[in-house]
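Chemist: Build the full structure now, drawing on both the sequences and the hints.
Quick note, the sequences are listed as chains A and B, same order.
Residues 7 to 403 in this note's numbering are what the first sequence spells out, letter by letter.
Residues 38 to 416 in this note's numbering are what the second sequence spells out, letter by letter.
Heads up, a few of these hints could be off.
As the list claims (entries may be wrong) - Examples of chain B residues toward chain A, derived with CB under 7 Å:
hint : residue
1    : 40
2    : 333
3    : 416
What the hints assert, rightly or not - Below, a list of computed lysine to aspartate or glutamate pairs in the EDC-like style, where the Cα atoms sit at most 20 Å apart:
hint : chain 1 : residue 1 : chain 2 : residue 2
4    : A       : 210       : A       : 382
5    : A       : 114       : A       : 251
6    : B       : 249       : B       : 165
7    : A       : 395       : B       : 295
8    : B       : 302       : A       : 399
9    : A       : 395       : B       : 299
10   : A       : 122       : A       : 245
11   : B       : 305       : A       : 399
12   : A       : 85        : B       : 344
13   : A       : 324       : B       : 45
14   : A       : 176       : A       : 36
15   : A       : 324       : B       : 44
16   : A       : 395       : B       : 313
17   : B       : 249       : B       : 180
No lab work stands behind these hints, which were simulated from the structure alone.
Ideal Cβ placement from N, Cα and C applies to all residues, glycine included.
Given next are the chains, with one letter for each unit.
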Amino acid sequence: MSDLENFRQETRTWLEANCPQEMRQPVRDDGDVYWGGRNATFQSDAQKAWFEAARDKGYTVPSWPKEYGGAGLSAPEAKVLRQEMARIGARPPLSSFGIWMLGPALLKFGTEGQKKRFLNEIARGEIRWCQGYSEPGSGSDLVSMQTYGEDKGDHWIVNGQKIWTSYADKADWIFCLVRTNKEDKYKGITFMLFDMTGDGVSTKPILLISGNSPFCETFFDNVSVPKSYGEDCPGFVGEINRGWDVAKYLLGHEREMISGMGGGERTTAIGTAMKRHAGKTGDEIDAVLRSEMALFDVDALAFTAMAEKFMDEMKAGKGHPALPNMMKYVGTEINKRRHELMMSAGGSRALEWESEETRGGKAPRDWLRTKANSIEGGTSEVMLNVISKRILELPGG
Amino acid sequence: MPLFHTEDQAMLADSASGFMAEEGNINKQLRHWRDRDCPDGFGHALWKQMAEMGFTGMLVAEDDGGLGMGHVEAGIVLEEIGRNLTPSPFLTSSVLAATALGHGSSDLKGRYLPGLIEGDSVFAVAIDETAKHRPSRISTKAEKSGNGFKLSGSKSFVIQGASSDMIVVAARTSGSDEDEDGITLFAVPKDASGMHQDPVRLVDSAMASHIKFDGVELDGDAVIGEVDGGREILNAMLAAGRVGVAAEGVGVAQGAMDMTVDYLKQRKQFGKLIGEFQSLQHRAAHLYSEVEIARAVTIKAQQLLDEGAPSADLMTSVAKSKVAKAAGLAVKEGVQMHGGIGMTDEYDIGLYMKRDRALAEFLGDAYFHANRVAELSGY
Ligand SMILES: Cc1cc2nc3c(=O)[nH]c(=O)nc-3n(C[C@H](O)[C@H](O)[C@H](O)COP(=O)(O)OP(=O)(O)OC[C@H]3O[C@@H](n4cnc5c(N)ncnc54)[C@H](O)[C@@H]3O)c2cc1C
Ligand SMILES: Cc1cc2nc3c(=O)[nH]c(=O)nc-3n(C[C@H](O)[C@H](O)[C@H](O)COP(=O)(O)OP(=O)(O)OC[C@H]3O[C@@H](n4cnc5c(N)ncnc54)[C@H](O)[C@@H]3O)c2cc1C
Chain A
7 MSDLENFRQE TRTWLEANCP QEMRQPVRDD GDVYWGGRNA TFQSDAQKAW FEAARDKGYT
67 VPSWPKEYGG AGLSAPEAKV LRQEMARIGA RPPLSSFGIW MLGPALLKFG TEGQKKRFLN
127 EIARGEIRWC QGYSEPGSGS DLVSMQTYGE DKGDHWIVNG QKIWTSYADK ADWIFCLVRT
187 NKEDKYKGIT FMLFDMTGDG VSTKPILLIS GNSPFCETFF DNVSVPKSYG EDCPGFVGEI
247 NRGWDVAKYL LGHEREMISG MGGGERTTAI GTAMKRHAGK TGDEIDAVLR SEMALFDVDA
307 LAFTAMAEKF MDEMKAGKGH PALPNMMKYV GTEINKRRHE LMMSAGGSRA LEWESEETRG
367 GKAPRDWLRT KANSIEGGTS EVMLNVISKR ILELPGG
Chain B
38 MPLFHTEDQA MLADSASGFM AEEGNINKQL RHWRDRDCPD GFGHALWKQM AEMGFTGMLV
98 AEDDGGLGMG HVEAGIVLEE IGRNLTPSPF LTSSVLAATA LGHGSSDLKG RYLPGLIEGD
158 SVFAVAIDET AKHRPSRIST KAEKSGNGFK LSGSKSFVIQ GASSDMIVVA ARTSGSDEDE
218 DGITLFAVPK DASGMHQDPV RLVDSAMASH IKFDGVELDG DAVIGEVDGG REILNAMLAA
278 GRVGVAAEGV GVAQGAMDMT VDYLKQRKQF GKLIGEFQSL QHRAAHLYSE VEIARAVTIK
338 AQQLLDEGAP SADLMTSVAK SKVAKAAGLA VKEGVQMHGG IGMTDEYDIG LYMKRDRALA
398 EFLGDAYFHA NRVAELSGY
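Modeler: Here it is in C-alpha cells:
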C-alpha cells in the first residue's frame, strides 16, 4: 500500500472514532457553524467534541505547519482528508475568517512572531477575526478608501468608518485597511491588526433582505493602534504603507473560499434532491423545470471538476495567479442559480418566512443570502474585469 | 491523481501540438481537401504520418501491438485535432473502433489492428439509425444463417463510412428494438456484398454514409465479443468516443477563442481597440471561464474512464454536454466579435463554427447528455 493509501486508511479510522454522527449532517444554518472566539459557545456536546478532537490533531487547519497549530499535511494528504470528510459529510470543525483570509496572508507576509501568536490563536479557535476593507465610498474601487491613521510614533490614531463588516459585532479582532499616506493611493495603505474591544471602536448591525444581520457598520473614533505587540510581533502585516499587496493577496484567498459555495466538493445533483422533496409533498416537477435542473447539474458537476483542478494546480504552483477570480465568478453565479431552482421546485412552501416546519423560512432566507455571493469579496463584474485584464490581457485601463 | 497532465503527458502534448500545427493545420488539411471536393474528406498521407507519430495505436493494448495508453493521452491528440480542425480518421478508427476491437477475438485483432497501427486502414462505426443519436434503440437485424449471420437494416450518418476498410456495426440478434440485451457487434469488411453506401457531405466538409444492409452475409468470426453480449462493448465504445469528442471540442473551443481574443487586440473602431470595450471584455472573460471548466471536466472524465471508476459514466455525459455548450459559445461569440469578416469563407472562424456544430451532434448533443445526467442521477 502506498503512503497515501495508508494515510487514507488512518484518516478513515480517525474520523470514524472522532467525528460524532451529529457532525455528519449538512450545515442547516449559522447556528450549526462553530466560529470560535473569546465569547464562543458550543451548540452541542458533539460540536464541542468534534472541534476539540480536530484542534488537537491540527485538523482545523490541516495544511498549516505544526508549529502554527496545523497538521503539516502535504497537498495530496490534504486532498485525501477533504475527500474523506466529504465522503462522510463531516462539517468543518471550525470556520473563521482567520482560517480563510488572515491566516494565508500571515503565512506569506507575517513575521515569525506574528505567525506563532496569531496563527496558533486562529487554529485553536481562540480569537475570532473580522475584515475591515469596504467603506461607504469605497466598494469595488477599494483602493480609494479613506479611513486614516495618524502616526504618533509608537502607535497610530485611527479615525474613519468601515461598512459591510461581516460579524463585526461578534469578532474579537479586526484586520483593517488604514490609510497612512494620503499622497500615494496604492502605496499609502497599512494592513493593521487590532482589538475590537479597544476604546473608540463601535459597531452597528445592518439588517439584510434575508432578515438576518450578520454584518455591520464599524466606526473608529480616535482608536489607538500600537505599532508593536511585543518582540517580532508588529501591529501591522507586511510593511507600513505597503498593505495593498497584503490586501490583494488576501482577496485571492477570500475569492477562493467564496467560490467553494458553488459546490467545490459537492457531487450530488440538485435534481435528485428536488425530486425526492417534491415526492414528499405530493408535487410533481414540470418537464421544463426538470430540463433546467439537468442543464444546471451539468454546469454544477462540471464546476466540481474545475474546483478540483484549480486546487490541484494551485497546490502544485501551476495555474494562473488570477484564477481565484474566475472561480469566484463562476462559483457564485452557480450558487445563485441553484437557489433559484430550489425556490421554483419548492413552490409556495418556499415562500414561508417563519413557520417551524420550514425552519424559520430557511429556503427564502438562504435564497436571498446567495444574492450577496456575487457582491461580497468583489462583484462578478469586477471579477470579469480582472479575468479580461490579467488572464486574457485585453487592452485598456 | 491530480487533475493536470503528468510530465509524460505534457511531453506528448508538446509534440502533438507541434505536429498538428505543422502538418494538420487548416490550410494544409481542411481547406486543401475541401476545396478539392475530396471524397474522403481527409488525407491518407497525414494518417500515415500520425501512425509514425505513434498516435494511431495509442489506445490499443501493448499485447496487441499498440501503446496501451489511456483516454487522457488520446484526448491530448484530439484536442490538437480540434484546435487545427484537422480532418482525420483518428476518432472513429483509433478511439471508437479500436475500443470495440479491444474486446474482439485474437483473430479479429490480428486481422484489423496492424493496419490501424500502421496507418494503412481506416475504420468507421455504425450505431445510429436516425438523425438523432439514440443508441438505446437498435433495429438493424442479424439473423443466424448457417455458420454465420445475415445482416439487414440500415444505419445513418456513418462518419467516413465510404472511406473505411471495416465498419463496426451494432445489430440486434435477439429481442425487440428498445431492449438493452440482444445486441451484437460485427466487424463488417468494406467489400461485404449487399452493403450499399450513400455518402453525403456534411456542413464541416466531413463525409458521412447512409448504409443499407441487404442480407449481408457475415462469417461467425465477424462477431466482436459475444453474440447478444454487445451492449457492454457498445457502452465502452460510446464512453471512449464521447470523452474523445469532448476533448476535440475543447480544442475547437480553445482555437476559436484564441483567434477571437487575438482579433480583439488588433481591430480598431471608434479610435480604440475593440478589446477595450467592456461589453466585449466581459463576454470574453465569461467565455474563458466556460472553456476552462469544459477542459477541467473533460480531463476528469478521461481520468475516471482510465481508472475504470463507476462515476466515469456520469462524468462522461457531464463533459460531453458541458463541452458542447462551451464550444458552441466560443464559436458563436467568435463569429459575432469578428463582425462582418467573421461571416466570410476566407476567415477561419466560420470553419470552427461548422466543425463545432458537427461535433456537438456526434454521439449525443448537449440536451441528450443533460437528460442522461438527470437519468443517471435518478430524476
Ligand atoms: C454579505 C456581504 C458581506 C460582506 N462582508 C464584508 C466584510 O466582511 N468586510 C468588508 O470589508 N466588506 C464586506 N462586504 C462588502 C463587499 O466587499 C462590497 O459590497 C463589494 O466590494 C462591492 O462594493 P459596493 O457594495 O460598494 O458596490 P459598488 O462598488 O458600488 O458596485 C455597484 C455595482 O457597480 C458595479 N461596478 C462597480 N465597478 C465596476 C466596474 N469597474 N466595472 C463594471 N461594473 C462595476 C458592481 O459590479 C455592482 O454591480 C460584504 C458585502 C456583502 C454583500
Ligand atoms: C451579410 C452581410 C451583409 C452586409 N451588407 C452590407 C451592405 O450592403 N452595405 C454596407 O455598407 N455594409 C454591409 N455590411 C457590413 C455591416 O454593416 C458591418 O459588417 C457592420 O456594421 C459591422 O462592422 P464590422 O464588420 O466592421 O465590424 P466591427 O465594427 O469591426 O465590429 C467587430 C466587433 O466589435 C464590436 N464593437 C464595435 N464597436 C463596438 C463598441 N463601441 N462597443 C462594443 N462593441 C463594439 C462589434 O459589435 C463586433 O462584435 C454587411 C455585412 C454582412 C455580414
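Chemist: For the pair supplied as a hint, residue 176 of chain A and residue 36 of chain A, is the alpha-carbon distance within the 20 Å limit?
Modeler: holds (13 Å)
Chemist: What's the verdict on residue 114 of chain A and residue 251 of chain A, does the C-alpha distance respect the 20 Å limit or exceed it?
Modeler: holds (11 Å)
Chemist: Is the hinted pair residue 324 of chain A and residue 45 of chain B satisfied, with a Cα-Cα distance of at most 20 Å?
Modeler: Holds: residue 324 of chain A and residue 45 of chain B sit about 16 Å apart, inside 20 Å.
Chemist: Check whether the Cα positions of residue 210 of chain A and residue 382 of chain A lie no farther apart than 20 Å.
Modeler: holds (19 Å)
Chemist: Would you check the hint for residue 249 of chain B and residue 180 of chain B, treating anything up to 20 Å between C-alpha atoms as holding?
Modeler: Judged against 20 Å, a Cα distance of about 16 Å means the pair holds.
Chemist: Does residue 165 of chain B sit within 20 Å of residue 249 of chain B, going by the straight-line distance between their CA atoms?
Modeler: Holds. Residue 249 of chain B to residue 165 of chain B sits at ~13 Å (cutoff 20 Å).
Chemist: CA of residue 85 of chain A to CA of residue 344 of chain B, is that 20 Å or under?
Modeler: holds (18 Å)
Chemist: Given a cut of 7 Å on the nearest C-beta pair, is the interface hint for residue 333 of chain B held or broken against chain A?
Modeler: holds (4 Å)
Chemist: Tell me if the straight-line CA distance from residue 395 of chain A to residue 313 of chain B falls inside 20 Å.
Modeler: Roughly 10 Å between the alpha carbons, so the hint for residue 395 of chain A and residue 313 of chain B holds.
Chemist: Does the alpha-carbon distance linking residue 305 of chain B and residue 399 of chain A stay inside the 20 Å limit?
Modeler: holds (16 Å)
Chemist: Straight-line Cα separation of residue 395 of chain A and residue 295 of chain B no greater than 20 Å?
Modeler: Holds, at roughly 15 Å.
Chemist: Holds or violated: residue 302 of chain B and residue 399 of chain A, Cα atoms, limit 20 Å.
Modeler: Holds, because 9 Å separates the two Cα atoms, which is no more than 20 Å.
The structure fails none of the hints (numbered hints given earlier).
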